[in-house]
Amino acid sequence: MERHQPPPSLWPVGFAVGIVCLLVGLVVSWPAAAIGAGLAAVFGFLWARDVVRVRAGEAPLSADEEPSLVPALPEQPGERYPRNTFLEGATLGLGAVIGAVVTLPVLGFAVLPAFKGQKQHEVDLGPIGNFPEGQYVVAVFLRDPVQGDITRRAAFIRNNGLLKGVPSFTCISNRCAHVGCPVQPGGPVFEDKTKNVKTANGNVMLVPALPAAGFICPCHGGTYDQEGNRIAGPPVRGLDRYEFLIRNGHLVLGNLYSVAKVTGTGANAMIYKDELHGPGQHVDGPEAWLYPLQPPH
Amino acid sequence: MEQVALYPIDWLEERSGLVGGVKYFLFRKVPGDSDWFHTLGSATLTAFLVQLVTGVILAMYYKPGTTTAHASIEHIQHQVTLGWLVRGMHKWGASVFIILMFLHMGRVFLFGAYKYPRELNWIIGVLLLATGLFEGLTGYLLPFDQTSYWASVVAININGTAPFVGPYLASLLRGGAEIGPDTLSRFYSIHMLLVPGALIGLITLHLYLVVRLGVSSPPWSDEAAGGTPEPEPPPAQAGLVQPRPRGASLRGRPTE
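These protein sequence lines are chains A and B, in that order. All residue numbers for the first sequence refer to numbering that gives the first Met the number 0, where the first residue is 0 and numbers rise by one. All residue numbers for the second sequence refer to numbering that gives the first Met the number 0, where the first residue is 0 and numbers rise by one.
This is chain A alone, in the form it adopts within the complex (with noise of 0.2 angstroms):
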């Protein structure tokens, strides 16, 4: 089955670089992809003409062949093109395109909300008062209300006093850097004292705790000390902290990010912050590596 190749030629391989380039520049920034997009259309017209030149010069076919259904046009003086090679062409390119319309939109609806920025929300924790100096608070609330129960989440709050006369507090997430259970407090959780606070977030729970043995992961025995950094366990990193800011004498807790380490304590722990990473991701060592690109949280 003798089949007439195209002479080897650089467009594919230019097309191809063009296809990379456009889907990393979907994932890093818009004008890789505007490039990559306009190599790929370059290279692929050339390669595309290419190729229908070469099958315009095609040998007749071998005797042992099967005839075409249709025969073959016999060219007129002066037409390079014959007609039912275009029509071939442009049918098959029509239908790309078509196909490529229908599937492309279709494709991004379910692909893209990994890539979309979503708004991340603030939570109104209630006023500073309710979280007594140098003692750990188990906050449990909604960071959605609208969204209801599904984003209820838990945070071990502890305020430090003021740092230079601005109040400063350690707001640790209670998931759990090694695949994301609910860490608990090491030590007694006092419900008894449980206080409901209203708030702009609807209903939050605040629990005083005395995590004397720091941080413990049920699951796997993860254990993280009174700052969240990793003691002990399979976590790959110490535990993620929540940004604060204090508004109308209100704790609000901001974003999430994720933590290389902590040294020193309270007020004057110094917090080593990277971007926001999964559990299980590691954020330093030569595993960081791994993780060079985040999807926007």
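By construction, these hints were calculated from the structure, which means they are not laboratory data. Each hint should be verified, as a subset may be incorrect.
What the hints assert, rightly or not - Have a look at the derived ranges for each label pair, beta carbon to beta carbon: (1) A:F108 <-> B:L48: 28 to 34 angstroms; (2) B:G135 <-> A:G37: 39 to 45 angstroms; (3) A:V23 <-> B:L126: 42 to 48 angstroms; (4) A:E87 <-> B:F26: 43 to 49 angstroms; (5) A:P295 <-> B:W219: 55 to 61 angstroms.
To be verified - Some chain B residues close to chain A (C-beta under 10 angstroms, calculated; not the full set): (6) G31; (7) Y148; (8) I157; (9) P166; (10) S170; (11) G174; (12) E177; (13) I178; (14) T182.
If you're wondering where the values come from, they're calculated on a predicted model, not measured in any experiment. Backbone N, C-alpha and C fix where the C-beta goes; we use that ideal spot for every residue, glycine too.
Dock chain B against chain A, hints included.
Frame of chain A, contents of chain B only:
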């Protein structure tokens, strides 16, 4: 009397050829020394069909949605007639399906039935395994109770630890940065539509290859090694059960 029974079948066969196809599939030849291990594939297929049927019935009562899912499962379990039975069959059938798949895979491997010309069938089998496991993963979230939720959190986060694409894969599975209502809908659609479609397609291909390539003998087979000569097929009889020469097995020899 027999004519009355055969008439509709002949009517169908004359107009479509389907009956001939079914007979070809059901009465094809297999090695004489096939044993019980060769039943594992059909057992897996049966488990899958049970899952299909019970799944369709459950879908008539299940309401996907973070606030309604668990309540609808309670409804199925306690109020719907025999709902507890259908749900139980589906839940346990899932484990049966996975276990049988592994046993079938082990049998094929230990019998060397993946060798030429059956390599493509093995590859399709591996794809079936991966797809079947993914079906189990997406189905696990649907009851949306504590076990479901946290198991899915962990599974998605484990996917997230894959190098380079991990964070994006996790985001894709979740439908965003956090597990939310979109996650449940996404998993439901994948579990109901995408993966069953893929499974049905792959199983059809898998079965087609089995019929085309034939069943191979066990490794200890005397016949296949050319020992005992093949016995003469019985003479043609009246009725549906006709040994068809077209369906002869390969007996370890490659196809022409």
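Range hint compliance [Cβ, B:G135 to A:G37, 39 to 45 angstroms]: Holds: the Cβ-Cβ distance is about 44 angstroms, inside 39 to 45 angstroms.
State, for the Cβ atoms of A:V23 and B:L126, whether the hinted interval 42 to 48 angstroms holds or is violated. violated (28 angstroms)
Could you check the hint for me, namely that A:E87 and B:F26 are 43 to 49 angstroms apart, CB to CB? Between A:E87 and B:F26, where Cβ atoms are some 45 angstroms apart, the hint holds.
Holds or violated: is the Cβ of B:E177 closer than 10 angstroms to a Cβ in chain A? holds (7 angstroms)
Is 28 to 34 angstroms respected by the C-beta to C-beta distance linking A:F108 and B:L48? For B:L48 against A:F108, whose Cβ atoms are near 32 angstroms apart, the range 28 to 34 angstroms holds.
Would you check whether B:P166 satisfies its interface hint, that is, whether its CB is within less than 10 angstroms of any CB in chain A? Holds, about 5 angstroms.
Given B:T182 was flagged as interface, is its beta-carbon under 10 angstroms from a beta-carbon of chain A? The hint holds - B:T182 has a Cβ within 10 angstroms of chain A, the shortest such distance being about 9 angstroms.
Quick check on a hinted range of 55 to 61 angstroms for A:P295 and B:W219, using CB atoms only. holds (60 angstroms)
With a cut-off of 10 angstroms on the beta carbons, see whether B:I178 makes it to chain A. Interface hint status for B:I178: holds (7 angstroms vs cutoff 10 angstroms).
Should the hint that B:G31 touches chain A count as held when the rule is a Cβ pair under 10 angstroms? violated (39 angstroms)
Answer holds if the nearest beta-carbon of chain A is closer than 10 angstroms to that of B:G174; otherwise answer violated. holds (5 angstroms)
Restraint outcome when B:S170 is required to lie within 10 angstroms of chain A by C-beta distance: Status holds, d = 4 angstroms.
Taken one by one, the earlier hints fail for this structure at numbers 3, 6, listed in ascending order.
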